[in-house]
Amino acid sequence: MSAPISGRVVRLGDDVDTDVILPGAYLNLTDPEELGRHLLETYDPEVAAKVAPGDVIVAGRNMGMGSSREHAVLALKGRGVQAVVADSFARIFLRNCLNLGLPAIAHPEAAAALRDGETVEVDLEHGLLAGETERWTLPRQPPFLTDLLHDGGLVPWVRRRLSQRDT
Amino acid sequence: MSADGTPRTMTAKALAAHGVQDLTPGAFALARVDRILVNDVSGAVAVREFRRMGAERVFDPAAVACIADHFWPAKDARSAEHVGGLRRFANEQGIDDYYETGSTRAAGIEHAVLAEEGRVLPGSLLVGGDSHTCTAGALGALAIGVGSTDLAAAMALGELWLRVPETHLVRFDGALGPHLTGKDLILAAIGRIGVDGAAYAALEFAGDAVAALDVDGRMALCNMAVEAGAKSGMVAADETTLAWLWPRVAAPEALAPFGPDAGAVYDREVVLDVDGMAPLVALPPSPGNVRPVDELPEPVRVDQVYVGNCANGTISDLRQLARVLEGRTVARGVRLIVVPATQEVHRQAVHEGLVEQLTEAGAMISPPTCGACFGGHMGVLAAGETAVATTNRNFRGRMGHRDSRVYLANAWVAGAAAVAGELVDPAEVVGR
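Protein chains in written order, with my numbering: chain A, 3 to 169; chain B, 664 to 1095.
Read the hints as simulated data drawn from the structure, not as lab findings. Since this is a predicted model, take the numbers as computed values, not measurements. Just to be clear, a hint being listed does not mean it is correct.
Claimed, not checked - Below, simulated EDC-like cross-link-like pairs (lysine to aspartate or glutamate); rule was C-alpha separation at most 20 Å, straight line:
#1 A:Lys79 to A:Glu136
#2 B:Lys738 to A:Glu36
#3 A:Lys79 to A:Asp46
#4 A:Lys79 to A:Asp153
#5 A:Lys79 to A:Glu134
#6 B:Lys738 to A:Asp33
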């Protein structure tokens, strides 16, 4: 469930909150594709317009702070964003990414070095992250998170757990 | 105290009581949950994911509360459908704790309703599909905000996966002066440690200034723990807590104080002295951008004043606002929107004559709703507009247009802004 990813970097700043990732006015939507059309609308209309399917978001500190809205992650997925790399993540946003199977990688060096528009490769299976000029090794994940990743997120993880309970 | 006699924080005690064995920060665990809070926004996705999980029944209908608050009263047809979906889910699952303004006697904004209805117990573990679930920490609960799929998993399994947090003690020494509230304590703390100063950590609030707060003030304090990045924010359950809960819970005789063991060791301690502090304001676009109201870099003209939200639409906030507006009116060119957090707060405000007094002064009273706090409806800002709000977030575009601005403050400051048409020290309006 974690094949290598290759995509173009779209850089964001520090303290990007989930309100600017997906504004509150659209919280009455639930369809990822529909949500994706409003991705980053209040962050910066120019940045919002350029995010394309296959891109990798690279952000600074405290990515995804604020509201717990899973709609922010649904919007990223709906727009076709493949992964998020950041200096650090806010906790609920990170949970939502992990639960929905969107790779979210906290790596201060990579987040500082990756340039807007360059191609980045992410190989979670082998713990590798590579830009056009630098490569980084990712720290080993705790076993629970590896399980979650292998299952493809929390929905299949719970489905498996429920079926184990039944038997 | 733990088996080996090590004194524990409140957070560690609550985790241990819910099945978490390894309390080392960073350890992963599954914790049992006592209560699950679902609203119309997180619920719309959570119910879908619950079904995708193959789950049929929630693990315990008595543990789940469903509350329509974000887009309620329905803003549009889609919102009405989401609330309808939540209502049907509650019916189908036998969830008695369903709250909908206009339909059930107790209703309003989820965190306020949950507390009022006695559904938050000291030492309990609560998860909610809303980041401000941490508000329940005011009553000594370990209350954790999560997303929709987490909510679905918790409903299916009665468990939450979590990473054991570091625990930080934030101690407020001294006594709050006039026109200061729990809101100022939390703004002072976020101003000090920053919007990721407590990232992944559990906060415990203590000190004389916290002990002196009533439950409304403690809710305002704990409500914004997430604005420092925290997983939770707790106040020990003391006499004040138990007296407040006594008439609200099913089994009051079972209530007991809950606090950290004497000598509990924290991963970090932050001490703030509040003696002589002026009322605080968080300037846009960050809750960490905090200044005393009498030291603003430039005058701030105001288009809208919004008194409401999950922790600052309490009867205390409405009383403070009414004190400022007593014998005064809303300034020309300013609109004042007052949102009682719950039906109970609304009834009490009517009973005390506050609704009449506020509307005479020019205010508009909204039904209880999350409303414009998150830019949903009922008071959304236009480009170029400025609001002073007793809410918890002032991010870019939070209450409406990307080019609108929100200043966060307590109800005294909000009331003074409504009267003066600009941000001023409430002492300038009502005297010291």
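Within 20 Å, alpha carbon to alpha carbon, are A:Lys79 and A:Asp46?
19 Å, holds
For a C-alpha distance cap of 20 Å, please report whether B:Lys738 and A:Asp33 respect it.
18 Å, holds
Pair hint outcome, B:Lys738 versus A:Glu36 [Cα-Cα no greater than 20 Å]:
18 Å, holds
A:Lys79 and A:Glu134: Cα distance at most 20 Å?
Roughly 24 Å between the alpha carbons, so the hint for A:Lys79 and A:Glu134 is violated.
For the pair supplied as a hint, A:Lys79 and A:Glu136, confirm whether the alpha-carbon distance does not exceed 20 Å.
Not OK: A:Lys79 and A:Glu136 at ~26 Å, beyond 20 Å, violated.
Proposed proximity, A:Asp153 with A:Lys79 (alpha carbon, max 20 Å):
17 Å, holds
Figure legend: structure checked against the earlier numbered hints; hints not met, in rising order: 1, 5.
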